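Chemist: Chains A and B are the protein sequences, given in the same order.
Mapped onto our numbering, the consecutive letters of the first sequence carry residue numbers 1 to 171.
Mapped onto our numbering, the consecutive letters of the second sequence carry residue numbers 1 to 171.
Read the hints as simulated data drawn from the structure, not as lab findings.
Be careful, since some hints might not be right.
In this list, chains with the same sequence are indistinguishable; a pair is considered to hold if it fits within one copy or across any two.
[As the list claims (entries may be wrong)] Below, simulated DSBU-like cross-link-like pairs (lysine-lysine); rule was C-alpha separation at most 30 Å, straight line:
1) K166 / K148
2) K155 / K166
3) K160 / K86
4) K159 / K86
5) K91 / K30
6) K160 / K75
If you're wondering where the values come from, they're calculated on a predicted model, not measured in any experiment.
Number of protein chains: 2
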Amino acid sequence: MKIKYIAYMASSIDGRIAQSNQSGIDWTSKEDSNFYQNSLKKVDAVIVGHNTYKLASRRNWKDAIVLTSKVSSPKVKGKTIFLNPKKSNLKKFLQNQNYRKIAIIGGSRVYDFCLRNKMMDELYVTIEPYVFTAGILMFSGNEFKKNKFSLQSIKRLNKKSTVLLKYINRN
Amino acid sequence: MKIKYIAYMASSIDGRIAQSNQSGIDWTSKEDSNFYQNSLKKVDAVIVGHNTYKLASRRNWKDAIVLTSKVSSPKVKGKTIFLNPKKSNLKKFLQNQNYRKIAIIGGSRVYDFCLRNKMMDELYVTIEPYVFTAGILMFSGNEFKKNKFSLQSIKRLNKKSTVLLKYINRN
Numbered sequence: 001m002k003i004k005y006i007a008y009m010a011s012s013i014d015g016r017i018a019q020s021n022q023s024g025i026d027w028t029s030k031e032d033s034n035f036y037q038n039s040l041k042k043v044d045a046v047i048v049g050h051n052t053y054k055l056a057s058r059r060n061w062k063d064a065i066v067l068t069s070k071v072s073s074p075k076v077k078g079k080t081i082f083l084n085p086k087k088s089n090l091k092k093f094l095q096n097q098n099y100r101k102i103a104i105i106g107g108s109r110v111y112d113f114c115l116r117n118k119m120m121d122e123l124y125v126t127i128e129p130y131v132f133t134a135g136i137l138m139f140s141g142n143e144f145k146k147n148k149f150s151l152q153s154i155k156r157l158n159k160k161s162t163v164l165l166k167y168i169n170r171n
Numbered sequence: 001m002k003i004k005y006i007a008y009m010a011s012s013i014d015g016r017i018a019q020s021n022q023s024g025i026d027w028t029s030k031e032d033s034n035f036y037q038n039s040l041k042k043v044d045a046v047i048v049g050h051n052t053y054k055l056a057s058r059r060n061w062k063d064a065i066v067l068t069s070k071v072s073s074p075k076v077k078g079k080t081i082f083l084n085p086k087k088s089n090l091k092k093f094l095q096n097q098n099y100r101k102i103a104i105i106g107g108s109r110v111y112d113f114c115l116r117n118k119m120m121d122e123l124y125v126t127i128e129p130y131v132f133t134a135g136i137l138m139f140s141g142n143e144f145k146k147n148k149f150s151l152q153s154i155k156r157l158n159k160k161s162t163v164l165l166k167y168i169n170r171n
């Protein structure tokens, strides 16, 4: 069985997902938060970076794979696995767990890693009505690449200007 | 009469408006290009940065105010005025010209400058279906600020996944 990887991100109009690596996503709308929490109920596991993991207010995930450079071999703590993708084969690990659907929940480096490693089949972007002009970007890449997506749906999440875009990866 | 300032930008999903300061916007859709060119017919002038000015393929603008640090006082060349906003009062200059509607057409520093100086009443963002992971950002700010906008409309510009969002500045 092929695993389906689905990325979720909430962004400002200008593509910023947070003020800093230490700040959470308290600026997003209630409607996005509901959409996000409901979506996470439907997946078998989440892939998350160490910073985002530490900042997450609710961790009602089934399994969590925390990507970190701080371990050399996978370390299991209950439903959480700390894994260093430079030292362990992440894809093989996920296959062995028999996951079908996995959510990619950030931050920037994890989104970038998953995109580069063909682990992003779908992408949900919630655009909240702010311009931040600074802050953390969606993808932290160094290399410009024209990754093609196709838009599957547009949804207004509330009357207060929040939009949800769903894309399919075409690469 | 109050001048109405309208910003236009075409962006990747991840908020990048160009690969580099030397690259144009040849990656945008025909439909966005048509929308953009038609919009520019309806304004009295455009405000543009020096780099973007040099890269523009068509310059069928009525008047152009080119923001640049390379002049100390405004220099007029036909319908083009080169102006240094650190040395001249841009707003006063625009008022004296009796402009009613002005388009802000980038790049990053010009968008940022106009937003900070309350010269951005409306914002049109075209999102093309790519993730670039690197490149030039919409706004080149150093300071994080929660600039509030409200979404006025969403439009699919074509079948190929291009979306046009129209926002009103609420600050």
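Chemist: It remains to establish, for every hint, whether it holds in the given structure.
Modeler: Each hint tested on the structure:
1. For a Cα distance limit of 30 Å, the shortest separation of K166 from K148 qualifies both inside one copy, at 13 Å, and across copies, at 23 Å.
2. Taking the shortest alpha-carbon separations for K155 and K166, both the intra-copy value of 9 Å and the inter-copy value of 15 Å come in at or below 30 Å.
3. Taking the shortest alpha-carbon separations for K160 and K86, neither the intra-copy value of 42 Å nor the inter-copy value of 37 Å comes in at or below 30 Å.
4. In this assembly of identical chains, the alpha carbons of K159 and K86 never lie at most 30 Å apart, being 44 Å within a copy and 40 Å across copies at closest.
5. Proximity of K91 to K30 under the C-alpha cut-off of 30 Å is found in neither arrangement, the shortest distances being 33 Å within a copy and 39 Å between copies.
6. In this homomeric assembly, K160 and K75 never come within 30 Å of each other (Cα to Cα): the closest approach is 43 Å inside a single copy and 44 Å across copies.
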